[in-house]
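S.K.: Next come the chains, spelled out residue by residue.
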Amino acid sequence: MDREIVVPGQLLSDNTNDSGSGTYVKEGKVYSLLYGVANIKNKISVIPFSGKYIPSRKDFVIGTVFETTSSNWIFDIGSPYDGLLHVSEYPRRVESSMMREIFDIGDCAILRIKDVDASMKIELTLREKGLRKIKGGRLLEVPSTKVPRVIGHNGSMVSMLKKETGCEIFVGQNGRIWINGKDENMDKLSEAIDMIIRESHTSGLTDKISRFLQVEEKTDDTTVYEEAGDTDIEQGEVVEDINSADEEYSEDPEKVDETSRKVDQLLDTEEN
Amino acid sequence: MANKPEKFIDENGLRLDGRAVDEIRPMTIEIGVLSRADGSCYLEWGKNKILAAVYGPRELHPRRMQKPDEAIVRYRYNMAAFSVEDRARPGPSRRSIEISKVSRDAFAPIIMTKYYPSAVIDVFAEVLQADAGTRTAAINAASIALADAGIPMKGLISACAVGKVDGQLVLDLNKDEDNYGNADLPIAMTQDGEISLLQMDGNLTKEEFKKALEMATEGCRQILEIQKEALKKKFASHEEVVESLVEVAEEKAEDIQNEIELIEEDFETSEFEDEEGIEVIVVKTDISEPADETSGEDFTEFTEGEGSKTDETEDPEAEKVGERYEQ
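Taken in order, these protein sequences are the chains called A and B. Here the first sequence is numbered in my numbering, starting from 808 and rising by one per residue. Here the second sequence is numbered in my numbering, starting from 2 and rising by one per residue.
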C-alpha cells in the first residue's frame, strides 16, 4: 500500500476516476484538498491529520447536554454544530416537566446520529441498543481524526487496551472516549491513549502501546517479561511466549473483569 | 533609526543586506506552536516574526451573520505594540482593518467554505516583529495554519512583494528599501499563479509592472516550496531523531551504542505503511440486524458496556458482532 504525506493542492493523479474523499478534480486532474496522508486503494483518498468532527448519519457520538427546552435536549457533540435529542427519541415517555430529571445540564450520553440535513441540523437518538446515559467513569477528548487509530485495525487497539487495563471503553466518532474501571487502571489507560495520539502517525503502534502497558503493569515482578518484550518485535509471539512460558503473567488475565473478558472472547471468535 | 542610505544596490549588484535583486529573505516555519488553536504557525522571514492561529470551523454568533450555505472566514491582522521601533497604538487601525480585509479575500479562492454551512473559520495573524512585508508574511503563515487546522483547501496561498529602489526592481523589500524606495507591490497568489491579492504603493511604468509581476511569481513559487517542505517535515521528524542520535553516537563512541541500536530497531518496525489509520470497525449490538444495513457508510464505531446491568433499557442477552468495513 502506498502512503505519502500530501499538502493541499498537491497533484495526486491524472485520472479523474481516482478521486476519493479529501480530493478535488480540476481540469481532468486530481488534487488533494487536505493536509494529511494520501491512501491509494481503488481510489485515492486523503486522510487529514487534523480537523473538526463533522457529524454524519449513523455515527455514534458522546454528547454533553448544555441546554434543555420543553421538547428537546441540546447536546454539545464536539463539532461546530449542536445535536438535538427530541423527547420522542428517548426510550420512554417523558413529560415536559420531567426533562431536567432525565438529562440535566452537564449530563453525558452515548448517542447515535439519526439524521443530518443540508443546513447541518443534527438529530440524535437514544432508541437503540447500547445507547444510554453515562454514569461514572471518565471522559477523554481526542482529535476526531485520530479515532481510527484508537480503535485500530479490526478493533485491535481497543480490545488490547481493554484486555490490558480491564476498563470499559467506548470510543465515539466525535473523538470523545468514555472509560470506566478502577482509578489506577483509568490513569494508565488515559496515559496510553495520550501516547496513541502523540504517536498516531507512526506504525507498529498497537505493539508499542501493548508493551508500554505491560511494562507498566509489571514494573515490580517482571524481569522475565521485560526481556521477552524487548527481544520480540512481533506482538503475536510476545503474547504466546508469555502465556505458555511465564507463569506469573498467566495469572494476570484472571484479575480482568469477567464481563469484558466475555466480550473480548466474543470479539475474537467473530473475527476468526 | 537608520537614515536613508545613499545607495541601495552596490557595484556588485548586491543589496544592503547582501541579497541579489531577485532573492527573498531566509524563511523559517514552525507548525503547531499553539496547543489551544486548531491550527497554528510561527513564521520568521528575515526580521519579520509572525504568529498565525486558526480556530474553527466553529459555531458563529451572532446568528444573523451566519450564511446558511457556507462558512464565513474572519481574518484579523494585528501588529503588536512592540513590533515596530516606535510603539504602535494597540487596537485596530485604518491600516490593519484594510489589510485584514484584503488578506481575507486573498484566501477566498482556495478555502472550501461550502463544506461548513453557517460556521465560521477564524484566522488570527499577529505581527510580533515587523520589518517590511508583514502582510505577505502573515498570509504565508496563515496559509500554513489553515492547512494545519485541517481546513479543506484547493491549494496553498503564497505571497511576496516586489519594489523599486534606485530605479531598479527588487524582490521582497526589507525595511529601508520599503521606507525609502519608490514603489511597493505586494502580491499573493495560488499555486497556479492566480492572483488573489495585489496592492501597489508608489509608481511603476507598464513595463516595470510586467517585470515585477514575473519576479513576484517566481518569489511566490519559491515560498510555496518552503511552505510545502515545512508541512511535509512536521511528521517526518521520526527519521531526523534517529539520524541525530546516530551522529551523537559517533562523537561519543561506544558507551551509548546499545541504546542507538535499540532505537534503530524500533524505527525499522515503524514504516509508514500499516493499515490502522484507515480501517473502519463496526461493532453492532444487535446480531439480527442485517449486516449490509451499514455497509458503504463512512463511519467508525466501537461499542462496549453490554455487561453493565445498570441500564434499564438494556437486553442482557444481546450479543456483539465485530465487522470490518473499508472506507
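Keep in mind that a hint or two might mislead.
[As the list claims (entries may be wrong)] FRET-style restraints, in silico, Cβ to Cβ: (1) B:Q200 - A:T876: 46 to 52 Å; (2) A:E902 - B:R95: 54 to 60 Å; (3) A:S863 - B:F83: 42 to 48 Å; (4) B:D18 - A:I912: 58 to 64 Å; (5) B:R90 - A:T876: 42 to 48 Å; (6) A:K836 - B:F210: 43 to 49 Å; (7) A:A925 - B:Q169: 38 to 44 Å; (8) A:S828 - B:E60: 37 to 43 Å; (9) B:R90 - A:S877: 36 to 42 Å; (10) B:D87 - A:N822: 55 to 61 Å; (11) A:N822 - B:K102: 53 to 59 Å.
[Claimed, not checked] Calculated pairs, DSS-like style, for lysine-lysine (alpha carbon to alpha carbon, straight line, at most 25 Å): (12) A:K836 - B:K115; (13) B:K211 - B:K48; (14) B:K8 - B:K102; (15) A:K921 - B:K115; (16) A:K1015 - B:K234.
If you are wondering where the hints come from, they were derived from the structure by calculation, not from laboratory data. Just so you know, even glycine gets a beta-carbon here, dropped at the ideal spot from N, CA and C.
S.K.: R90 of chain B and T876 of chain A, beta-carbon distance inside 42 to 48 Å?
M.R.: Distance hint for R90 of chain B, T876 of chain A holds at roughly 46 Å.
S.K.: Given the hint of 46 to 52 Å, is the C-beta distance from Q200 of chain B to T876 of chain A inside that range or not?
M.R.: 49 Å, holds
S.K.: Given a hint of 36 to 42 Å, does the C-beta separation of R90 of chain B and S877 of chain A actually sit inside it?
M.R.: The hint (36 to 42 Å, Cβ to Cβ) is violated, given that R90 of chain B and S877 of chain A are roughly 50 Å apart.
S.K.: Between A925 of chain A and Q169 of chain B, does the beta-carbon spacing fit 38 to 44 Å?
M.R.: With Cβ atoms ~55 Å apart, the hint is violated.
S.K.: Starting from the range 53 to 59 Å, see whether the pair N822 of chain A and K102 of chain B falls in it by beta-carbon distance.
M.R.: 40 Å, violated
S.K.: Between the alpha carbons of K836 of chain A and K115 of chain B, is the straight-line distance 25 Å or under?
M.R.: Satisfied, since the Cα-Cα distance of roughly 21 Å is no more than 25 Å.
S.K.: Does the beta carbon distance between K836 of chain A and F210 of chain B stay inside 43 to 49 Å, or does it fall outside?
M.R.: Violated: the Cβ-Cβ distance is about 31 Å, outside 43 to 49 Å.
S.K.: Is the gap between the beta carbons of D87 of chain B and N822 of chain A within 55 to 61 Å?
M.R.: At roughly 58 Å between Cβ atoms, N822 of chain A and D87 of chain B fall inside 55 to 61 Å, so the hint holds.
S.K.: May I ask you to test the hint 58 to 64 Å on the CB atoms belonging to D18 of chain B and I912 of chain A?
M.R.: 59 Å, holds
S.K.: Can the restraint linking K8 of chain B and K102 of chain B be considered satisfied, given a maximum Cα separation of 25 Å?
M.R.: 35 Å, violated
S.K.: Do the beta carbons of S863 of chain A and F83 of chain B sit within 42 to 48 Å of each other?
M.R.: 46 Å, holds
S.K.: Falls inside 37 to 43 Å, the C-beta gap from S828 of chain A to E60 of chain B?
M.R.: 24 Å, violated
In this structure, the earlier hints numbered 6, 7, 8, 9, 11, 13, 14 are contradicted, and the remaining ones agree with it.
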